[in-house]
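Those protein sequences? They're chains A and B, same order as listed.
Residues 28 to 405 in my numbering are what the first sequence lists, from first letter to last.
Residues 639 to 817 in my numbering are what the second sequence lists, from first letter to last.
Please keep in mind that the hints were generated in silico from the structure rather than gathered at the bench.
Check the hints yourself; a few may be wrong.
Stated by the list, open to error - What follows is a set of in silico ranges between Cβ atoms, one per label pair, in the way DEER data are often shown:
| id | chain 1 | residue 1 | chain 2 | residue 2 | range |
| --- | --- | --- | --- | --- | --- |
| 1 | A | Glu162 | B | Glu775 | 42 to 50 Å |
| 2 | B | Pro764 | A | Ile293 | 48 to 56 Å |
| 3 | A | Lys341 | B | Gln752 | 21 to 29 Å |
| 4 | A | Ser220 | B | Glu775 | 27 to 35 Å |
| 5 | B | Pro764 | A | Leu182 | 47 to 55 Å |
| 6 | B | Asn780 | A | Glu150 | 26 to 34 Å |
| 7 | B | Tyr779 | A | Asp232 | 23 to 31 Å |
| 8 | B | Glu772 | A | Ser290 | 31 to 39 Å |
| 9 | A | Leu182 | B | Gly783 | 37 to 45 Å |
| 10 | A | Ser63 | B | Pro764 | 39 to 47 Å |
Each residue gets a CB set at the ideal place from its N, CA and C atoms; glycine is no exception.
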Amino acid sequence: MVRPCWKPSVEGDGSRRGGDPNGRFDGLLWYKDLGSHVNGEFSMAVIQANGLLEDQCQLESGPLSSLKSGPYGTFIGVYDGHGGPETSRFINDNLFLNLKKFASEHQEISANVIKKAFLATEEEFLSCVRQQWLEKPQLASVGSCCLVGVICDGLLYIANVGDSRVVLGRAEKVVRGVTALQLSTEHNASIESVRDELQSLHPDDSQIVVLKHKVWRVKGIIQVSRSIGDAYLKKSEFNKEPLLAKFRLSEPFSKPILSPEPSIFIHKLNPKDQFLIFASDGLWEHLSNQEAVDIVHSYPRNGIAKRLVKAALKLAAKKREMRYSDLKKIDRGVRRHFHDDITVVVVFLDPSSVNRSSSRSSTISIRGSRGVSSLAKS
Amino acid sequence: MGKIRGFLLKHRVNTLFRCVFRRHRSPVGYHRLNQHPFCRVKPISRLINWTHNLRTKAKAICRSGSSKNLIPGRVKCDGYMQIGRDPVEEKPEPVAVPKGHMAVYVGQKDGDFQRVLVPVIYFNHPLFGQLLREAEEEFGYNHPGAITIPCRISEFEHVQTRIKQGRTTRKLLTWKRQN
């Protein structure tokens with residue numbers, strides 16, 4: 028009873044300040060100011076708003092398969108969980124391994140390999156839910172968005188499920204500056220084409236998308252139309268007891284309501300392509316694509332992801348008619364009333380290193396924090 | 639002759655120079671203390687009085703300007719505003735919320751919402767958390783603008799006084815998070 032009361036004081040503890048290679052903590056903020064990957068440099072930052080951090084992220088650089096012959100490159104993942112942290116953590120632990128497995132089988136990186144990795148991760152998670160169905164049925168109501176970028180052989184693959192977003196900053200001589208180019212396709216019911224897609228997939232269901240709290244939601248429950256997890260909206264076997272009624276869909280369904288299929292986009296990298304900003308929707312609800320690109324373009328690389336997070340928090344504070352310095356006093360959990368969990372990964376594309384093979388020997392693997400409470404427990 | 643004349647000229651120049659010099663600079667110190675204390679002090683004290691008046695008048699203008707919203711540059715005068723006064727009567731400027739506080743709107747459906755300034759630390763209190771949960775059920779997390787709490791103002795004030803009492807008696811311990 029008493030111990031949880033003392034937890035907050037652990038937050039600033041020096042022992043939890045993991046050394047620079049694995050990032051640092053500052054209260055609810057985790058950040059890695061600058062690191063280098065095969066194709067350039069990167070910066071990462073995560074701010075926690077939920078009681079348990081639901082966002083996860085990772086950057087892997089070096090071999091993308093278990094073969095020595097390659098392929099080599101950089102893998103970036105941003106996973107925005109909902110209903111709990113379990114699915115996003117599961118993806119963080121398994122998706123890259125699955126990608127490596129299929130890349131080894133096919134001896135290449137391709138849209139097909141990435142898609143297979145997504146679907147395999149989904150299947151593994153659903154079997155995990157099935158295994159723990161009796162002791163932990165609420166696992167069936169947990170899900171996650173999943174945004175992945177793979178840079179390999181001068182190509183950039185973007186695969187997305189849900190509403191995270193990646194924006195490319197491209198130097199244009201005409202405009203004098205850097206223009207924003209959104210590369211990801213989002214699956215949020217607030218987008219008309221997504222609602223149309225849902226309606227065409229479920230022609231018999233007039234209630235497939237519902238406006239609630241002035242926000243479009245699939246079945247009046249969830250904003251995204253595609254996700255990993257959310258077993259109770261994929262298979263009827265999970266939409267029943269012992270899952271609590273408040274997490275269940277009242278009517279039975281025959282076809283899965285949500286899909287785990289990623290939208291994949293392939294982009295040939297150009298010397299004008301300067302950087303990529305991967306972020307969960309928590310950032311984009313406060314900053315526009317161009318605003319974010321302008322910030323990255325006009326400030327030093329070191330700590331740029333943290334700067335983007337701060338810019339978003341300042342706007343969040345302004346919207347709630349308070350000061351940024353006061354927002355920092357608000358505990359996790361309650362913070363969710365002010366902003367969502369926010370994950371930002373900025374990846375710089377240095378043309379000199381895109382086709383370089385000398386740096387292949389180095390392997391970089393960095394994961395975002397697991398959040399304040401889970402670290403305090405361990 | 640020429641030599642003596644020259645000497646005299648030098649003297650004259652010297653005395654003239656000294657006269658000018660005395661009149662303008664060095665005698666000031668002596669005169670102030672001894673011979674003419676008033677004629678020198680007076681302008682200085684007058685200057686001091688003048689600046690003092692200017693300052694008080696400027697203050698008065700600022701104050702009346704901020705309350706009546708007459709002066710366009712009133713934002714600069716925020717420093718002289720009284721704490722109790724609501725500084726954002728017509729234009730909601732978030733900057734004007736006092737440090738450590740934030741604005742929330744309290745009221746019931748279809749009624750008038752009252753703007754209340756709440757200390758930010760109250761938000762971490764479990765009693766306040768209950769109000770926030772109600773707000774979330776009613777409006778969702780993505781409600782644009784300031785937080786709106788759907789309850790009666792009397793109910794809200796009751797919660798505020800309970801938090802205030804709790805703070806003074808049981809202090810921080812009990813309401814640091816339970817989960």
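Against the structure, the hints:
In this structure the supplied range 42 to 50 Å is violated for Glu162/A paired with Glu775/B, their Cβ-Cβ distance being about 29 Å. The hinted range of 48 to 56 Å is satisfied by Pro764/B and Ile293/A, whose Cβ atoms lie roughly 51 Å apart. Taking 21 to 29 Å as the suggested C-beta distance range, the pair Lys341/A and Gln752/B conforms, at roughly 27 Å. A hinted range of 27 to 35 Å holds for the C-beta pair Ser220/A and Glu775/B, which are about 30 Å apart.
Between Pro764/B and Leu182/A, the C-beta spacing of about 52 Å keeps the proposed range 47 to 55 Å intact. Take Asn780/B and Glu150/A: their Cβ atoms lie about 32 Å apart, and the range 26 to 34 Å holds. For the hinted restraint 23 to 31 Å between Tyr779/B and Asp232/A, the CB-CB distance of approximately 26 Å keeps it satisfied. For Glu772/B and Ser290/A, the hinted distance range of 31 to 39 Å is satisfied, since their beta carbons lie about 38 Å from each other.
Between Leu182/A and Gly783/B the beta carbons are some 43 Å apart, a value that agrees with the proposed interval 37 to 45 Å. Separation of Ser63/A from Pro764/B is about 46 Å and conforms to the stated range, judged on CB atoms against 39 to 47 Å.
Hint 1 alone, counting from the list given before, is not met by this structure.
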